[in-house]
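As they're listed, the protein sequences go chains A and F.
In this text, residue positions in the first sequence follow this note's numbering: the first is 8, and each later residue adds one.
In this text, residue positions in the second sequence follow this note's numbering: the first is 12, and each later residue adds one.
Source of the hints: derived by calculation from the structure; they are not laboratory data.
Each residue gets a CB set at the ideal place from its N, CA and C atoms; glycine is no exception.
A few of these clues could be false.
What the hints assert, rightly or not - Chain A stretches covered by chain F per the calculated footprint, using a threshold of three residues with CB under 8 Å from any CB of chain F:
#	segment
1	52-65
2	254-265
3	271-281
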Amino acid sequence: MARSRLQAVARNLGCYVLLSPTFILLAVFCFVPFVWAFTTSFYDYEIGGESAFVGLANYGEYLQDPTFWASFWNLLFLTVFSVVVGVVLPFGVAKLIFSLSSERARYVYRIIFLVPIVVPGVAVLMIWGGLVYGDNGLVNEVLRLAGLEGMTYGWLSDPNTVLWAVAFIGFPFASGINILIYYAGLAGIPESVHEAAELDGASGLRKFFAIDVPLVLSQVKLLVILTVIGVVQGFQGMFILTRGGPGFRSMVPGLWMYFNAFSFQRMGYACAIGVVLFLIILVLTVLNLRYFKSSEDVQAAA
Amino acid sequence: MVKVKHIVLVTILAVGAWALWPPQAGDDSSIRLGARRPHSEAGAARRKHHIRMAPGLYLPGTMPGNVGKPLTGLLDVAEKFEALYPDTYIEFVGTPAVREWLVTQLSAGLAPDILNVNVEDVWQDVHKGWYVALDEYLDRPSPFVKAGEPGSKQWWDVFKYEAITRGKAAPDGKSYCISYDMVETGIFYNKDIFEKLGLGPPKDWVEFLDIQARLRDAGYVPLLVPLWGVSDWGVDLVFDQLYYPILEGIDLVKDPVREPYLQGYLDWDEICFLYGKGFFTRRDPRWVELWRILKDWRRFWNKDLSTADMMRLFVTQKGAMFWSASWTVQQLARDPDIPFRWGVFYPPPIPASFSPYADGHDMCVIGGSAMQFVVTNTAISDTGDAATSDRLKRVMAFLQFLTLPENADRVVNEVLSMLPNVKGVEPHPELRPFDEFLKRPYTTTKWSYTFDMRFNEVLIRMMDLYLNGGIGDEEYLAWTERNLAFAVQTTARRKKVDFDALQRTWDALAPARRTMKGLPDGAK
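Chain F extracted, bound-state conformation (with noise of 0.2 Å):
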């Protein structure tokens, strides 16, 4: 009996011991296994570069949207890459999404050499010394573009929305990101329930609320939207109906790299200065009415902001529209069961008659660069300078080499989500309404990148409490008010901006603003 008791406690141990032994090199839980070829730390360790990349949404193995086979495309491409330079392998690696892992790989100096990050959050830290600005590259011919083709002479050239990614450059003027492709907002809608109520897509901002009432009165949730869209693109795009119209008195920096793009994009100085003047504070109209809009069309969402499944009340003709973006198209127009007609429109303009501070301009966009690829301090590791930076040359050609059209093609289009930013490269059919979309001008500002991630966390928060009657109109614009006043205080003094060069710009836009209306008081 003692000895049957020894046996079960010892299998016991010996099963948890199995059970938590480490994975070895080359075991299937690699992520590169989950596409076709296993990573291999030993294979590695025998080339000279070992290039980490986390891509994505192209991340080899995975299936975006759950629909359609696991992507192979960048392990084709890496492997083509890996034949041309036998001493470098290419590993792909998933990251979290969460800002938090960022931070600590960055500062460990452990994160991915190429790592897909939205660029603005990189803007942020570019004073850390965690990113490699790319200019030197971009301004030179690309290796691997024949004579007389886009690349040969810059390799900026071969970028088809060439503005757009140079409106991507940093505050200080350097570009820390490659945009790979591009991504725009869209609202999905059941073309077979807007027939079956008589509704087409609306030319105004007074159609689009009357055709979200008539689809609440047919017992459907109008409009589909997660919280953090409505704090990023739709303060964006609200903000941008109501400012732009005074944006030729207010716009006090011209940047000489990001304007043919940005055209007139406040930046965080400008923020910062433009509060001092009462903007963006409870004596401004127009910040007033921005919540006052948004706090209206709320009605029309779904009851929880933050945790329902939009895609499935969609898919299930529950929801009758869905603002999202070109990365939905994949699951709607590869999924077989979907059993209804979509169609995709832009949100209207609001026209004077609905707000006196907007004038019906056309929306803005706030989509744009979808992959960011940036080089992260890990790609300067041999030497931890970029000058003389062996391994930071190789992680460049590997960047070089996927923007050549036939790569770019067969990683970007392998997907249904995203438009190719590769001149040469086509879009799918079913994407072309986002290209037509990113010809509109960009936003007048981003409210979730322009501060630190503190302002933002706490505008999110408030704002869920406002939309969902949690606070009050007062009590939540005090909150925005205090919640700027500090990221205000904190931006002046880490980012050293200089109010001097900034207030001589205000005087000399005097005359602009005398004409305008509904400025806060002594702003003109």
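One chain only, chain A, in its complex shape (with noise of 0.2 Å):
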């Protein structure tokens, strides 16, 4: 038995000699990390200073932190905002482009929607701070313009406004990669679907609703997942534009943990937070893997 595996192993050389490079590096820059960061959580340890064993003390104490309750409201309203528009409002334009009679026209739409993501983030962040949100930005031009100088605002700085400002930071959240992937869903449903149904009397929004949406669920899942990820671990928009201010009215847990990490030097406090997120992070993968029905669910239930 354990000849055969070694045989296998040896036949099999090439294939983990390949693999190794990635496998060392993911272990060294992302499973080292994360053990070093859960064991650090134990610790109150200062970046040069003694360490000392508390326990489950920092997590005790995050549960008591000044931006707790507020840090996971905030990442709460983001979280549910950036999966409503960033999976649905691409979904409408990938079904747009795809609904194009001209396959030249299609290629040229696709090219256009996914341009700006050539563009780094932190301009495109820069670009909403001074450009639209300043104070002689686009948003509150227009709005003088319009003869509504009493509802322009210090977007970014306002206490009522800021969660919404940064929100709405991409409109109109035609990202690129997401209407790819839905337009690479939609091009993947036999175009045989489509004739039963017009077969069937279905068209318009029926057919949409009946075909399109249950037949692309999976790029859904996907969108949902990636969406939630990149919301709970993504701090920068709030460290460039507003630092989790005024107060904390846009603090998110993610920046909350790289300023004890790097600022107030409270390293086994920040790996707490870290660990909190994963936490959060992983639970809601699972719900979304368990609960969540995917395309293929779906056609296996029909």
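Given two chains presented individually in distinct reference frames, assemble the corresponding complex, making use of the accompanying hints.
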């Protein structure tokens, strides 16, 4: 038995050798830091200073942290908002492009919607922060032109507008990659299914909801997972535009983790926040995989 | 056709590879090139000592305030030093002004040998071995000073503002920085606007508020001030106005090294202890009054405290006063396009008629040392021990060389921003008002630097929200209390505060507190 296993390994040695650089890099940069972070979360560890085992104290402290409820509420708001607009709107755009009769037009639109992704994310944020939301930015100037001076705000510095302002960055949310994913899903639906539906008298919206939506559920599922992970982990937008302020009105857990790790030098505490975020992402991903039906599930059920 | 496609693709790849190619040693990307002489890794490698310095404001090749010519002074001095020590190469580097960068560099042992950093930031980390104490060198003569001149007995003696310089010693009693120059805040005002409205510099706080009201009525932003200015300077000034009258009863630690200058400074251990006695809480009427005064003052400031371009608003005469510091003189004095006359005054005292807790004493100063050169653990990287490190000796020699009068004059006075802290070097005439300001006593405490960065971050954030109407008085005071409670708990644990010793001094000061008014319940 052992001998046959060894022989199998020897037979596939080339594959293992080819896989090993990727595996080593993953281990060094993903798995080891995770294990280290998990362990450190049980310590009061100040960078450069002494560390002391504190058990679950960091977790207990985080539950009472002044940012805890505020930041998780902000995170929930941004996650729901991002999932809704990031999943729904690109689907509509992809369907519109897919419906075009000219192959050339479809190609051109795909390219046009994809081009903005080459703009660096930081530049996009700076554009929104300065040119769109600035005191003399696009939004306020349009409002002034419309005679609505009273509705102008410091959009990113006003406690009542900051979260919505951040959420609307990326408007009209027609992200290129999401459109392409949906487009691929739509292209994968056999033409015969549409023809059969038409023979049954389905057309327009009926066909869209009865055929297209169920058959791209795998893409929806993927985008929901990617969006949730992106929002929960991401804090660069807040860091660049608001630093979580004013007060903690736009704080998110990831940003507080960063501040604790590198500004306050509370690495153990930051690791505890990181572990909490990891658990949240894990739970949401498991729930998604378990209860969200994919197009294959729908087809199998049918 | 296929061939053309291949050519286009290969060209794109080649251009991409060229764009991503890392710069080579000696490329123009080096900061040192910005001045005159290219930095060369190869040249540096041939010398025994390659010292890196992050000189802050004086970085060669830069133009402070974007006026004047690129700086060369420090480079000149470095070349003179290299001529004396041919085995040494000095490289100047720019550093991001963020603590995150500093922490990662220091913990990795990669920071420049000499670094400009607020020494109060250093105090928090001295127990980690990231910085080298300089006392041994300061107590001995500077080798570059001739006999009989200041510095020939002790290096300490070369410093003009010696009390301030010595006052920068850490709470452990050791000195970790060289104060190369001085800075102080001041309120710059537009003399033309003031004259037009028949105004002059105010004598007290009541008059100051009245002037601001009149400026506002005339359509100007009365006072331009950044949020960090309020949280750093504003809080400390008003705090000193309210707490100085009771300092005799609450100053528990007389530091023999720093006391001659600081005169009653409240350090973190004292703040921790006093918090336990009800100070700096809602039970402390002075604490409540501090925030009332700042909130009341807020109505005269620029709308956006965080991102507004204050300098622009001042030079375009939309703002009549600008609370800044001596570094602003460079831009105002050297920019030929400034279309108005300007002056500077210091914030006036709060009289007893305005606040029952103030006594009208002069506002303290909150500036002092500007470029504070600390020596990092990189300087002892050759042996890991300050006592045996050759590299450290060379680093210290360069610092001592920098403090020769002719060198300090060349470096500091090249920019119209700071006051040289070396005897025999006069500041520019435009900076003399700040020299006068610096003769005042120092602040009672520096809230921004008393506790850790977390405390400061929460304080600034909530103050921003409070001053802009995001939360009310009660909620804000509850926040400050929670923030302070956490900071006290952390500090007491990490710094091992000796509360018993503080209690004994507290008991001894009880007679002084008996006649004092407005103390928290039970604090007498």
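Hints breached by this structure: Result: no hint breaks.
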